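A.B. asks: As a plain string of letters, each chain reads:
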Amino acid sequence: MAFPCSSFLRSFGSALPAQRVDNEALAARTGRDAALIASQTGILERRYAPEGLFVADLGLEAANDCLSRAGITAQDLGLILFSSGSAERAFPGPASALAARLGLTATPAIDLPIASAGSLVGIALAADLAVRYGNILVVASEIMSRRISDADPDTAILFGDGAGACLVSRDSGFARIVDSALYTDGNSADTLYLPSGGTLQMNGLGVIMHASRKLPRAIGDLLAKHSIPPADVEVYLMHQANANLLRKVATTLKVPEDRFFSNIERYGNTSSASLLIAAAEWWNAGTTPIAGPIILSAFGAGFNWGAILAEPTRP
Amino acid sequence: MSKQAGILKVIHAVSELPNDPGPDESLFDSGALDSFTLPDLVSGLEQEFSVTIPDSDLVPERFDTITKIEAYLDKRAG
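Line order of the protein sequences matches chains G and P.
Numbers 1 to 315, taken from our numbering, label the letters of the first sequence in order.
Numbers 316 to 393, taken from our numbering, label the letters of the second sequence in order.
So here's chain G without its partners, still in its complex pose (with noise of 0.2 Å):
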């Protein structure tokens, strides 16, 4: 079979802020109850950025991480694509700035405002721009302690900060990207959205009925246009929304939960960051070889959604 992305996944790369915030924390700010917060999430805690630090300085911090890992400079980098729903600016984003903070003063840097999808979005754009870019760094970072309010406890006790970065290369990598499935549909902007200068408003019903569905469909229909069974998949990474909805994924796609990397009890809800973050944990704790394939997959504000699959280049 033909497919239609020839680049690769080169590396990985994260940042956590310090500060640790557990349930007990949002339970005394929210009136919600602590081990229910556990349970009907899978968040044991989540990690805030101190005042004074921007999403572009946390982004800074997991490219940084991801280009060490590879071996290479900013300097090798043909193109940005830095992912961001909790930017402080509406314009300019913090890519230019990430480009400045990296030494870059020609390289095009392009901002994905798409929140939770848009580090699935940014990857899925390298793939198919590596072949004129070169060395694309997606990097997603969010500061989401900004955006939420203790009023709405729903959706306060999901969110935390984080960066995460991937490195798309043309030339080499330990996986190549071999296809991918972007979908977008409008119809339920309002479900999940942030207004200029407000907080996050989450219709969270709204959100895991069409994830729930959207997810694996997605997912399943890519696995089959390259007729890869869904159980052969090595690992599953995905934004970490939800340990419910994880697991619901899997029963779907009918593969064991093991299989779906999760650092939600430890992260919580960093928005695009998460599927980053993950994925820099699944790969750089990494003993053995990979030697099945990959799905990366995100479902996020608009709505958008989607899959990545990639094979290993050294089975």
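In case anyone wonders, no lab produced these hints; they're calculated from the structure.
Hints should not be assumed to be uniformly reliable.
Claimed, not checked - Simulated pairs of lysine-lysine, DSS-like, Cα-Cα distance not exceeding 27 Å: (1) P:Lys383 with G:Lys214; (2) P:Lys390 with P:Lys318; (3) P:Lys390 with P:Lys324; (4) G:Lys225 with G:Lys254; (5) P:Lys324 with G:Lys254; (6) P:Lys318 with P:Lys383; (7) P:Lys324 with P:Lys383; (8) G:Lys225 with G:Lys214; (9) G:Lys214 with P:Lys324; (10) G:Lys214 with G:Lys254; (11) G:Lys214 with P:Lys390.
Remember, it's a predicted structure, so these values are computed and weren't measured experimentally.
We have chain G already, so just place chain P on it with the hints.
C.D. replies: Just chain P, lined up with the frame of chain G:
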């Protein structure tokens, strides 16, 4: 089996509700449904009543009470 009985069957299959909720009792407020059982309810209704519920109809309010679910299923059937 009546339509309401079929709906109750699905509700009990996806939740641990000890009693039958009233026809106009909020399934969300009563705890019968939450963000994790709601998708299962939709799948269960599709199977029980041999209907396809399109993504465009995935609005929680449609499934808040047995009466609303019945009205929705009638509309799909009609």
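A.B. asks: If a hint holds in the structure, say so; if it doesn't, say that too.
C.D. replies: Hint check:
1. Between Lys383 of chain P and Lys214 of chain G the CA atoms are separated by roughly 24 Å; this keeps the pair inside 27 Å, and the hint holds.
2. A threshold of 27 Å between alpha carbons decides the hint, and for Lys390 of chain P with Lys318 of chain P the separation of about 13 Å falls inside it, so the pair holds.
3. Between Lys390 of chain P and Lys324 of chain P, the direct Cα distance comes to roughly 20 Å. Compliance with the 27 Å bound is thereby established for this hinted pair.
4. Simply put, Lys225 of chain G and Lys254 of chain G have alpha-carbon atoms about 18 Å apart, close enough for the 27 Å limit, and the pair holds.
5. Between Lys324 of chain P and Lys254 of chain G, the direct Cα distance comes to roughly 24 Å. Compliance with the 27 Å bound is thereby established for this hinted pair.
6. Of the supplied pair hints, the one linking Lys318 of chain P and Lys383 of chain P holds, its CA atoms being roughly 12 Å apart against a limit of 27 Å.
7. A hinted pair counts as satisfied when its Cα atoms are at most 27 Å apart, and Lys324 of chain P with Lys383 of chain P qualifies at roughly 16 Å.
8. Between Lys225 of chain G and Lys214 of chain G the alpha-carbon distance is near 16 Å, which keeps this suggested pair within the 27 Å criterion.
9. Simply put, Lys214 of chain G and Lys324 of chain P have alpha-carbon atoms about 26 Å apart, close enough for the 27 Å limit, and the pair holds.
10. Restraint check for Lys214 of chain G and Lys254 of chain G: the C-alpha separation of about 15 Å stays at or below 27 Å, so the hint holds.
11. Taking the CA atoms of Lys214 of chain G and Lys390 of chain P, the gap is about 24 Å. The hint holds against a cut of 27 Å.
In the structure shown, no violation is registered for any of the earlier numbered hints.
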